[in-house]
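Participant: Protein chains in written order, with UniProt numbering: chain A, 1 to 273; chain B, 1 to 273.
Watch out, some of these pointers could steer you wrong.
Intra- or inter-copy, both count: the list cannot distinguish identical chains.
To be verified - For lysine-lysine, the following DSBU-like pairs were computed, each having C-alpha atoms within a straight-line distance of at most 35 Å:
| no. | residue 1 | residue 2 |
| --- | --- | --- |
| 1 | 135 | 252 |
| 2 | 24 | 135 |
| 3 | 122 | 90 |
| 4 | 122 | 252 |
| 5 | 252 | 24 |
| 6 | 24 | 122 |
| 7 | 135 | 18 |
| 8 | 135 | 15 |
| 9 | 135 | 90 |
Just so you know, these hints were derived from the structure itself, not from any lab.
Number of protein chains: 2
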Amino acid sequence: MANVAVPPGRYRNGKRMKLWTRFKTSHGRIGFGLLQGDQILEHRGDLYDQPVATGATIARDAVDLLCPCEPSKIVALWNNYHALGAKLGKAAPSHPLFLIKPATTLNGPDAVIRRPASYAGKIVFEGELGIVIGKAASNVSEEAARDYILGYTLVNDVTAAEIIEQDGNFAQWTRAKGFDTFGCLGPFIAEEFDWREAELITTLDGTERQRYPLADMIFNPWQLVARLSQDMTLLPGDVIAVGTSIGVGSMKEGALVEVSIDGLGTLANRMGG
Amino acid sequence: MANVAVPPGRYRNGKRMKLWTRFKTSHGRIGFGLLQGDQILEHRGDLYDQPVATGATIARDAVDLLCPCEPSKIVALWNNYHALGAKLGKAAPSHPLFLIKPATTLNGPDAVIRRPASYAGKIVFEGELGIVIGKAASNVSEEAARDYILGYTLVNDVTAAEIIEQDGNFAQWTRAKGFDTFGCLGPFIAEEFDWREAELITTLDGTERQRYPLADMIFNPWQLVARLSQDMTLLPGDVIAVGTSIGVGSMKEGALVEVSIDGLGTLANRMGG
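The shape of chain A in the complex, shown without the other chains (with noise of 0.2 Å):
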């Protein structure tokens, strides 16, 4: 939490937003409810419609927490940053360009990353915002976007980077982003969080790797959402994670992968081994 200068649920103003995060009890119950303070309020039903405070609590420390959402899909962007863009000297799209990480990549907080047994080769982390899809989203306009995103979350876009330009025919996106565990995702669902003045930060091993701000974007999540509900129907908990900035970099075996944003906490991932 060292990253950030305020804690998860608020705005730098003081003021609070909602923060939804699902758990695993001792007992291997699994709930979800709104983080306040150190406790979590129990609700039931569906995430996505209206759901209903039980009126129980439970001690956030008295619990796993885990993916916030189960995305279907989890839409994952690149050259979506203009600063890295211009490092790698590549224009900006006209259209966001994606990939597919398949819901098998999910991966909670503080949860493993696992090098995959067929490959040797270099594994790099992606700090990213992630955009949770709150309602069934196709052919949406931007202005309407917003409604269709319930909140805000974090994501280790994990890559096997060598992988991608192996074969001269044909870059290997889905392949290098698509192993299991490569889709570090939570700890929680903001509501109302406000991406324009906020800033990602991602650590390696307590070093900053990543600091970069959120109004970078090329395509902003109202755009994204718009775009890609043009490109397939977004239900309600899959994810877009929306790009990375400059400063990824490579994950040794037992390397601390931790990624901040103002107010959505932060995610913390270790590389196994």
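Given chain A's structure and the hints, the job is docking chain B onto it.
Facilitator: Coordinates of chain B only, in the frame set by chain A:
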């Protein structure tokens, strides 16, 4: 059904194979079962874990057939037939080259393929064999792979062809193949189908456009399941669309595309409009 020499559920030698189907009744009830002649022997439970015959039968003509499975992902191959690779001047890959079509692409037998509202360009059919996974597969050997296959089905891997190369920096395979209704699948899952002597036929408005032997695959189904299970966990019901060969072509509004393989039947879908 005129495309092929033997009806669904039969080998050329007359022997039967099991054909699974999923259906919706006129009352909206969804069920599944084994096709036997013009009847469906209903089953209950989990298709992937010892489903049980209910004893009830229902006439095939009385129901609408649905996609026979509900994949969490469709893994779609590129450059997996020697003949097409030779025609395009592409070397055989050393590992399967793939993208993911999201579950929102799914389109059942006889369902309409819809042109995306945002796209006025060429839309092409690609007749393909589909592998349906029967149990969770992670890092399985080629020898063990066949035990992870429930059966085989037919796929029309519909593609908005002009999108692929629209951005010079990033081939948009996922976007071009990821639109809703672009994953036509069915009508059955055939257990114990032997792909080694079969050929796939695609007709456009009754005219043959593709006819190629499945034995021309670069990575065969067992190799595909083994190799792809190194890249991600394949889940029960997931589908591998093994790639197409020569003869793909454009579908105009109103066109009827039928994909057939001896014993697997015919997957028919019409372009809307």
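Participant: Which hint numbers does the structure go against, in order from smallest to largest?
Facilitator: none
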